[in-house]
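Student: Spelled out from the first residue to the last, the chains are:
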Amino acid sequence: MSALAITAGFADPVIEAQAHFHSLMNALARPGTVHAFPAAVDAPAPLTPELAALALTLVDHEATLWLDATLAGSKPVLDYLRFHTGARIVADPAEAAFALVADAGAMPRLAEFGQGTDEYPDRSTTIVIAVAALATSGGLELTGPGIEARASLGVEPWPGDFVSQLAANRAQFPRGVDLVLVAAGQVAALPRTTHVSEV
Amino acid sequence: MSAVAAPQASGYNFAYLDEQTKRMIRRAILKGIAIPGYQVPFASREMPMPYGWGTGGVQVTAAIIGPADVLKVIDQGSDDTTNAVSIRKFFAKTAGVATTTETKDATIIQTRHRIPERQLTEKQTIVFQVPIPEPLRFLEPRETETRKLHALADYGLMHVKLYEDISRHGHIATTYDYPVEVADRYVMNPSPTPKFDNPKMHMSPALQLFGAGREKRIYAVPPFTKVRSLDFEDHPFEVQRFDKPCALCAATNVYLDEVVLDDRGGRMFVCSDSDYCEERRADGHRGELSGEAPHLVGGAA
Amino acid sequence: MYVAVKGGEEAIDNAHGLLAHERRGPISIPDLSPDQIETQLALAVDRVMAEGSLYDPALAALAIKQARGDLIEAIFLVRAFRTTLPRFGNGEPVETGAMAIERRISATFKDLPGGQVLGPTFDYTHRLIDFMLAAGVTPPLPAEVETEHEATPRVTDLLDGEGLIEQELRDDTVEVGDLTRAPLDFPADRDLRLQALARGDEGFLLALGYSTQRGYGRTHPFVGEIRFGEVMAEFVPEELGFAVPLGPVALTECQMVNQFHGSAELPPQFTRGYGLVFGQSERKAMSMSLVDRALRTREFGEDVTAPAQDEEFVLSHCDNVQATGFVEHLKLPHYVDFQAELGLVRQMRSEYAARQQELKEAAE
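Order-wise, the sequence lines are chains A, E and D.
Just remember that our numbering sits 183 ahead of the position in the first sequence, which is counted from 1.
Just remember that our numbering sits 17 ahead of the position in the second sequence, which is counted from 1.
Just remember that our numbering sits 2 ahead of the position in the third sequence, which is counted from 1.
It is worth saying that the hints were derived from the structure and are not from the lab.
Check each hint, because a few of them may be wrong.
Claimed, not checked - Now the in silico label distances, taken between C-beta atoms and shown as ranges: (1) Asp132(D) x Leu174(E): 52 to 60 angstroms; (2) Glu94(D) x Ser347(A): 48 to 56 angstroms; (3) Ala367(A) x Met234(D): 53 to 61 angstroms; (4) Glu363(D) x Asn270(E): 35 to 43 angstroms; (5) Thr319(A) x Gly249(D): 56 to 64 angstroms.
Said to hold, decoys possible - Rough simulated footprint, nothing fancy, chain E against chain A, three-plus residues with beta-carbon under 8 angstroms: (6) 202-216; (7) 227-234; (8) 283-292; (9) 308-315; (10) 328-341.
All C-beta atoms in this analysis are idealised placements derived from N, C-alpha and C, irrespective of residue type, glycine included.
The task is simple: from the sequences and hints, build the whole structure.
Tutor: Written out as structure tokens, the structure is:
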């Protein structure tokens with residue numbers, strides 16, 4: 184593998200990783216808010232710049248990474264992620280600390296990812312999904328920790344049975360997965376604590 | 018960028034920690050936020066300051082802080098206690114960030130033993146230094162056992178302990194590090210803040226992060242999250258009350274420090290939150306002893 | 003008033019200045035060089051390397067100087083430095099069977115291949131203060147004996163040949179844990195326990211090891227062998243694919259041979275306790291091997307009845323950097339908490355007085 188063939192990651196890794204983490208942390212702490220996620224990286228398609236920026240921010244050889252079929256089928260994507268993160272890429276979504284999903288419509292069910300255990304609910308998968316658009320208003324109503332009364336969120340596309348899958352995910356708290364949603368230059372999140380309903 | 022020039026000159030990474038360590042801590046913080054009140058194990062590093070002196074809080078702050086942040090550090094409510102000064106200097110040196118003593122100007126507040134009197138905002142994150150994160154530790158010393166109890170949400174031990182206090186003393190004899198239930202699930206140690214500060218945690222607009230370095234745990238309370246101090250119907254939770262207002266700024270409904278003035282029983286009570294007290298005095302509030310306070314207590318204002 | 007509400011920063015700066023002054027001591031006395039510490043206080047340097055978990059004699063010597071001879075403080079300095087070092091990978095297991103022996107003794111066999119080598123030891127010195135040392139006397143050159151280069155197999159390997167001692171087989175398929183990179187959880191495997199003990203406080207392990215000898219978790223130990231000398235540290239760079247030497251490392255290894263009566267599944271055989279530390283420290287290596295054996299209760303189906311057998315207790319408290327930090331943090335201001343306690347005690351006392359008064363009035 185030649186490093187020359189690999190496109191660029193963060194220009195200033197220390198400062199950019201902090202900035203992206205800051206947005207992500209606040210997105211997760213305040214479901215229903217959408218934060219800037221500049222993702223100024225030269226990621227090889229179908230890896231979106233935001234998926235790449237998230238991996239660069241949080242993934243390294245101490246964290247396992249699962250890729251959906253769209254991403255896993257691309258050698259440039261695998262080379263890019265291996266080179267920049269050193270991540271251990273796993274085939275079983277249940278073993279992943281992080282999962283990157285480029286095609287939300289074709290992703291496995293949430294229950295197939297790592298759910299953690301009652302004693303170690305933190306040993307679960309954070310699923311990062313690239314979507315076309317995020318908005319602070321839209322078809323989803325959110326309640327739960329991080330939300331003063333209720334919040335709304337618009338996600339396009341929104342897989343058909345996601346609300347019932349998320350309800351099942353919520354029901355097994357403290358076990359469960361957390362979702363991070365990225366669109367062009369934006370990030371939002373749905374931690375396992377959030378109740379999601381369609382309005 | 019001038020903010021990072023200084024640390025590079027000092028030979029250490031921005032905010033001291035290497036990037037791999039920051040990623041590891043950041044992953045733990047995200048899990049903490051997603052599972053409010055649950056103690057996430059993390060590979061706490063050996064910091065250049067002693068365990069027990071804020072290494073957990075320092076690691077959390079180092080993992081979240083950026084060049085745009087403004088940092089306030091307090092210990093016992095005050096910005097000028099020696100350990101607060103020491104930690105503030107550490108970040109000024111290694112991260113080159115702006116620091117402040119004014120609660121309203123800070124984006125990150127690292128604290129030991131207090132929550133500021135001024136209500137925190139959605140723009141702020143408060144980082145608590147935690148010595149013993151496990152609320153059940155003094156009832157059950159074994160980690161293997163307490164982990165099971167949390168998994169089962171079995172907090173009977175804690176209720177028995179609190180009830181024994183009542184039968185023996187007529188009161189729940191816990192005055193600080195008073196256990197809370199977070200988001201209707203985990204029982205959590207708020208760190209050794211006086212129970213006076215517990216109500217400030219409930220539905221706080223600010224994100225609350227907790228770091229225990231020696232015990233290698235990180236936990237969190239997201240903003241706008243239910244935080245209930247454990248109590249009983251016949252013995253509801255109550256906070257400390259002080260008979261007098263602050264002797265310097267006349268504030269009431271604040272936590273006061275008792276200052277010994279002489280060896281004949283002379284005492285004065287002043288705000289523990291030094292920034293709050295100074296701000297009130299700058300606004301013209303005067304307590305009964307504001308003209309005659311000893312220099313070291315009265316401060317600049 | 004040491005916790006001034008104002009002026010903390012100036013007080014800290016002044017304290018640091020005073021500390022530097024006291025460290026140097028009177029200018030009329032020559033400054034102590036790290037070289038002198040490294041070569042003449044070598045056992046202090048060894049302890050700092052062992053518990054600091056970093057093999058660097060010059061750095062450890064400097065840390066001792068900076069710490070004014072406070073070894074736990076020096077260990078702390080080394081640990082904090084170690085944290086900042088980049089990691090390239092894991093070294094190869096060291097081959098202590100190929101050690102350049104400086105000292106090697108066995109308490110279990112009178113003679114054995116490679117022989118007993120007394121080496122530099124305090125063991126048979128009479129503990130009389132040597133006033134000549136104060137005068138700076140240069141000792142005569144030590145005696146040299148012609149020896150044949152004979153192999154010195156480990157005593158445990160000799161016992162192993164007869165099947166008398168439990169086997170320990172190298173298994174490279176299992177990744178070795180590192181408690182400085184991943185949080186320790188319980189139960190902990192032996193690799194992590196040994197790492198914790200190797201970094202653990204010598205005094206704490208000494209006391210625990212001693213307690214097993216007095217019946218608190220007795221293990222019937224014999225010193226199979228203690229050896230001290232240099233071994234070569236090696237590393238396999240991924241791009242080369244073969245081991246390259248990094249340099250010699252001085253180690254003390256203790257193999258404790260312990261009694262065990264066997265079980266339904268196992269014939270009677272001896273069991274092992276293992277100690278390995280940087281530098282020359284037999285006290286630490288022996289204590290470590292006693293505690294290692296005591297902690298192996300799960301493997302042998304033994305009941306945990308004593309502190310030295312209690313994994314959570316031992317591993318949670320053996321680290322002196324953690325221990326000293328938390329004990330010493332009590333000198334930080336706690337006046338907010340104390341105020342909370344003061345308030346409650348005053349309230350309860352006044353309630354008590356009121357109750358006494360009521361009782362008194364009722365009695366009258």
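Student: A separate judgement is required for each hint: does it hold in the structure or not?
Tutor: Evaluation of the provided hints:
As the Cβ distance of Asp132(D) to Leu174(E) is approximately 59 angstroms, the hint placing it in 52 to 60 angstroms holds. For the hinted restraint 48 to 56 angstroms between Glu94(D) and Ser347(A), the CB-CB distance of approximately 53 angstroms keeps it satisfied. The hint said 53 to 61 angstroms for the Cβ distance between Ala367(A) and Met234(D), and at roughly 56 angstroms that hint holds. Taking the beta carbon of each, Glu363(D) and Asn270(E) are about 36 angstroms apart, inside 35 to 43 angstroms as hinted.
At about 60 angstroms, the beta-carbon gap between Thr319(A) and Gly249(D) stays in the expected band of 56 to 64 angstroms. As drawn, the segment 202-216 of chain A meets chain E at 9 residues by the rule of a beta-carbon pair under 8 angstroms; at three or more, the given contact holds. By the rule of at least three residues with a Cβ nearer than 8 angstroms to a Cβ of chain E, the coverage given for the segment 227-234 of chain A is violated, with 0 such residues. For a cut-off of 8 angstroms, the count of residues in the segment 283-292 of chain A with a CB near a CB of chain E stands at 0, and the three-residue condition is violated.
Counting residues of the segment 308-315 of chain A whose CB lies closer than 8 angstroms to any CB of chain E gives 1, which falls below the minimum of 3, so the coverage claim is violated. Given as covered by chain E, the segment 328-341 of chain A passes the check, having 4 residues with a CB less than 8 angstroms from a CB of that chain where 3 are the minimum.
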